[in-house]
Amino acid sequence: MSAHASDKFVYHEPGLQHQFDDMKQQEESVSIGMWMFLVQEIMFFGGLFTAYLVFRSRYPMAFAAGSNHLDAFWGGLNTLVLIVSSLTMALTVYYAQKSNRSMQVIMIVLTMIFGAAFLGVKAIEYTAKYNDGLIPVAGLNKKVKEDPGAHHEKAKPCWEVEHGAAAAEHHVVNPRGEFLWTDCSLVKLAKDEAFLTDAEKIGYFSKDASGADVIDINKFRDKVKIFYYIYFVMTGLHALHMIVGLLLMSWLLWTAWKGNYHAEYYMPVEMSGLYWHFVDIVWIFLFPLLYLLGRHFHH
Amino acid sequence: MQSADAIGGNVYDKPKMNYLTNGSTLKSWLLTKDHKRIALMYLISVSAFFMMGGLYAAAIRLELLTPNSDLMESGTYNKAFTQHGVLMIFFFLIPSIPAVLGNFLLPIMIGAKDLALPRINLLSLYFYWIGGGLALFALMQGGVDTGWTFYTPYSTTFSNTFVMAVGLGIFINGFSSILTGLNFIVTVHTMRAPGMTWFRLPLFVWAQYATSLVMILGTPVIAITILLLAIERVAHVGIFDPAIGGDPILFQHLFWFYSHPAVYIMILPGMGVISELISNFSRKKIFGYEFIAFSSIAIAVFGFLVWGHHMFVSGQSIYAGLVFSFLTMVVAVPSAIKMFNWTATLYKGSVSFDTPMLYAIGFMGLFLIGGLTGLFLGSIGLTVHLTDTYFVVAHFHYVMVGGQVIAYLGGIHYWWPKMTGKMYSEFWGKISAMLVFIGFNLTFFPQFILGYQGMPRRYASYPAELQVLNIFSTAGASVLGVGLVMPVVYMVHSLFYGKPAGDNPWMLPGLEWRTASPPPTENFEKMPVVTWEAYEFGEENGLDLEEAKRRDLAVVS
Amino acid sequence: MADRHPEHEHMEHDHMNIPKYLGIFMILVVGTILTYFAATVDLDFIFPGANTLLALLIAFTKMAFVMLFFMHVYWSPKLIWLSAIASFFWLAIMFAYTMQDYFTRGSGVFTG
Chain A
141 MSAHASDKFV
151 YHEPGLQHQF
161 DDMKQQEESV
171 SIGMWMFLVQ
181 EIMFFGGLFT
191 AYLVFRSRYP
201 MAFAAGSNHL
211 DAFWGGLNTL
221 VLIVSSLTMA
231 LTVYYAQKSN
241 RSMQVIMIVL
251 TMIFGAAFLG
261 VKAIEYTAKY
271 NDGLIPVAGL
281 NKKVKEDPGA
291 HHEKAKPCWE
301 VEHGAAAAEH
311 HVVNPRGEFL
321 WTDCSLVKLA
331 KDEAFLTDAE
341 KIGYFSKDAS
351 GADVIDINKF
361 RDKVKIFYYI
371 YFVMTGLHAL
381 HMIVGLLLMS
391 WLLWTAWKGN
401 YHAEYYMPVE
411 MSGLYWHFVD
421 IVWIFLFPLL
431 YLLGRHFHH
Chain B
27 MQSADAIGGN
37 VYDKPKMNYL
47 TNGSTLKSWL
57 LTKDHKRIAL
67 MYLISVSAFF
77 MMGGLYAAAI
87 RLELLTPNSD
97 LMESGTYNKA
107 FTQHGVLMIF
117 FFLIPSIPAV
127 LGNFLLPIMI
137 GAKDLALPRI
147 NLLSLYFYWI
157 GGGLALFALM
167 QGGVDTGWTF
177 YTPYSTTFSN
187 TFVMAVGLGI
197 FINGFSSILT
207 GLNFIVTVHT
217 MRAPGMTWFR
227 LPLFVWAQYA
237 TSLVMILGTP
247 VIAITILLLA
257 IERVAHVGIF
267 DPAIGGDPIL
277 FQHLFWFYSH
287 PAVYIMILPG
297 MGVISELISN
307 FSRKKIFGYE
317 FIAFSSIAIA
327 VFGFLVWGHH
337 MFVSGQSIYA
347 GLVFSFLTMV
357 VAVPSAIKMF
367 NWTATLYKGS
377 VSFDTPMLYA
387 IGFMGLFLIG
397 GLTGLFLGSI
407 GLTVHLTDTY
417 FVVAHFHYVM
427 VGGQVIAYLG
437 GIHYWWPKMT
447 GKMYSEFWGK
457 ISAMLVFIGF
467 NLTFFPQFIL
477 GYQGMPRRYA
487 SYPAELQVLN
497 IFSTAGASVL
507 GVGLVMPVVY
517 MVHSLFYGKP
527 AGDNPWMLPG
537 LEWRTASPPP
547 TENFEKMPVV
557 TWEAYEFGEE
567 NGLDLEEAKR
577 RDLAVVS
Chain C
48 MADRHPEHEH
58 MEHDHMNIPK
68 YLGIFMILVV
78 GTILTYFAAT
88 VDLDFIFPGA
98 NTLLALLIAF
108 TKMAFVMLFF
118 MHVYWSPKLI
128 WLSAIASFFW
138 LAIMFAYTMQ
148 DYFTRGSGVF
158 TG
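Chains as they are written, first to last, in our numbering: chain A, 141 to 439; chain B, 27 to 583; chain C, 48 to 159.
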């Protein structure tokens, strides 16, 4: 630092940018910068979590019903997949610190494989939602035409529909690909046990001819739709971050392959790692908050 | 870069090349990583947006000259005030001081060669241009009429104007703001020159630091909010539409979680500029340095706790209204601390009334009125009467224009010689400062009365008995307009015909005055070593050039 | 010049080794499995929402391990600690002040 007065005689380390005096200052700046970026990422997802909090506290049964139809097996598997990728990412940094090029490359490849696996599972889940008519945007679901020869069961009241079964499994026609929801057994349960919130007492019911409250499946469906909207926005943005992470990893793979990183210079590896772990942390919260709501009602 | 005889160096020797002459191709500007060039490009862009926003303001005032909506019909009027708000807030007020003055000065003030992350800085400029371009595109296509607040469900369901393009523009522009804030925080932490401790930082830097905190913590929330709004508008499904069980108040919570702190993004840097001006033109060490520094941080923190005072009549619970009302009173305290300290600094200072100082004194008066009327509006009982009247309009223009714009103009005048090396005409500078002050008060003070009498905002027509005050207001607006256009003329004139300013035209001790005007590309010929406190004037309560030189020689060699 | 990098500590390489990384990894795996099974047990007899609280506690624990050891926060300068804590503090502000509105709607305390 003190050598500033005689700049032209100073040996500039490769990778040191002109505005810095030494590598230490550069590393520190980059690291603080990355953390500030993560802080803004936390606030970015924070807005979504606020929305989640508001609607979950208002319509807990709709959230539980919606959540019960998410596949906790795939969600849990994805959590494990991401944790493994986090481990391999951490080991990438470790091997960069140890100047071990071949292990770095192997670990980056493993990280990418697990990251891609995560997205693959996500695609499987999204496809299932598409088939079941659970994408909250009208027209984006699988369009099911009416089959004239099909046997029509007498329509059951929504609270007698088997819980957790998708609408599509009842051969519901959905010619325009709309959001479908036929099951309100949880509302019935909650009503009988008297733990509906004030908002729910208004939000799920309408008056019948005699003036009594009956469960209105259409109103309930709209609330479940809100759950699925939040689910798709949250997991969608998370998946977008995964894709960005994979692009980052591709670049990292290329540069690590060239042997750029070693004990004296591994900042890009460490910074990419911070990003990757952050995306992992978001999922650690998304998994219980989206997939595991109200599971205990049925056990 | 060093002149041959500079061993032991006289920093007042002209460097052979400054940042303006170091490369003249278009590429050398568009791909520059020099914070000073980026700041200049921001200056030009921000000024262009300011003028466009100003044109809309002129249209609004012309329409309100008469009680009937005769110049434009209501729909057009809605677009005019919306676009005035969007352009002024997102593309002028928020980037103005941080991205122009902060970008230019922050590294120089702390003795760094550049911002810590110059490429990120350039990226933020491009985000700004892309965001601004999208907003302009929407304007040319036909504009947007939701009001700058984009309240749902109007913006998601009913408005058939170009909400998406403007929203996307604001979304992208938000990342420009985040990256600027990120850069400033990193720079202040890691790039300070030897000896530049935290409590030797100029207060402008403290203010920028506090602003950056707000930018990083708040801006992402508006980004996600606008994203949700956009999805809702495109896919016709979402969480803000009450017709399907959604909640428009949630939009307001998320929106104001950013947009109230954004008020502090606008005013905090202005306060930083004023701290500089008051101290330097009183030739007196600022009174209560630590208090001013920490009150900036306090404003940044408390600013996040008061957003509900925009929602008193929206259907928010009365309990929440009370809490937000109380916290609004709390956030007035740090602002008041600043006012008292500035006043105490002026006391027994040798005050000189150069153009920048005229702006600073104007700021103190106008911001005082703006701040105190804010307390009226923060009182939950009174505000029911005043919400959505011209009282609110007058209040926030007193803070935003009387505060931020005037501080920005003062800062531009103050640092213009440093940025360009040329001195503008002091005579015309003073005239324009007076015109701005008079025009501003004539425009907006009648609006307090109008609002008190119940004239609602956002209408193209009004009862005939309110016309007199509206005529005052429109007349004032034209004076204000002249006052705001004049600096453009005489400052551009000074670029070509102005006297060379010299390195330290005001004879001040700050680090930015110890390098050449305009500064060389890496800001200093040699890295400065700071051995003095901020705002340390000589014993005679004035700093003469000889002493400054002597001190620099002692310090640098 | 001594005060130029007051918060800097040299980036040490030798805090973690492979067994430690694997140990943290195992904790995270166990946490995930625990989250799943905890969700299937009805804890409402303790208080309503106990399941969610438990899930969040496990999630926070997992996050703490990832941040402290995978992201090396444990050995980072105070500023990094501060920014990590501050971001969650601001999240808490956003949650708390938004929810204080929703939880007191029509409670009757101040209406009437």
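A portion of the hints provided could be inaccurate.
[Stated by the list, open to error] DSSO-like mimics (lysine-lysine), calculated; alpha carbons at most 27 Å apart, straight line: (1) Lys125(C) to Lys164(A); (2) Lys67(C) to Lys238(A); (3) Lys53(B) to Lys448(B); (4) Lys262(A) to Lys283(A); (5) Lys125(C) to Lys238(A); (6) Lys398(A) to Lys164(A).
[Stated by the list, open to error] Some, not all, of what chain C presents toward chain B, calculated at C-beta under 7 Å: (7) His62; (8) Asn64; (9) Asp89; (10) Leu138; (11) Phe142; (12) Thr145; (13) Met146; (14) Arg152.
Hints were generated in silico from the structure; no laboratory data involved. Heads up, the beta-carbon is just placed ideally off N, CA and C, and yes, glycines get one too.
So, going through the hints one by one against the coordinates:
1. Lys125(C) to Lys164(A): Since the Cα atoms of Lys125(C) and Lys164(A) sit roughly 16 Å apart, the hinted pair holds (cutoff 27 Å).
2. Lys67(C) to Lys238(A): holds (16 Å)
3. Lys53(B) to Lys448(B): This hinted pair holds, its Cα atoms lying about 25 Å apart.
4. Lys262(A) to Lys283(A): holds (21 Å)
5. Lys125(C) to Lys238(A): holds (25 Å)
6. Lys398(A) to Lys164(A): holds (23 Å)
7. His62: Since the shortest Cβ distance to chain B is 23 Å, the answer is violated.
8. Asn64: At 30 Å from the nearest chain B Cβ, Asn64(C) fails the 7 Å test, so the hint is violated.
9. Asp89: violated (27 Å)
10. Leu138: This interface hint is violated because 10 Å lies over the 7 Å limit.
11. Phe142: At about 11 Å, which exceeds the 7 Å cut-off, the nearest Cβ of chain B leaves the hint on Phe142(C) violated.
12. Thr145: holds (5 Å)
13. Met146: Check failed: Cβ of Met146(C) comes no nearer than 9 Å to chain B, outside 7 Å.
14. Arg152: Arg152(C) check passes; min Cβ-Cβ to chain B is 5 Å, inside 7 Å.
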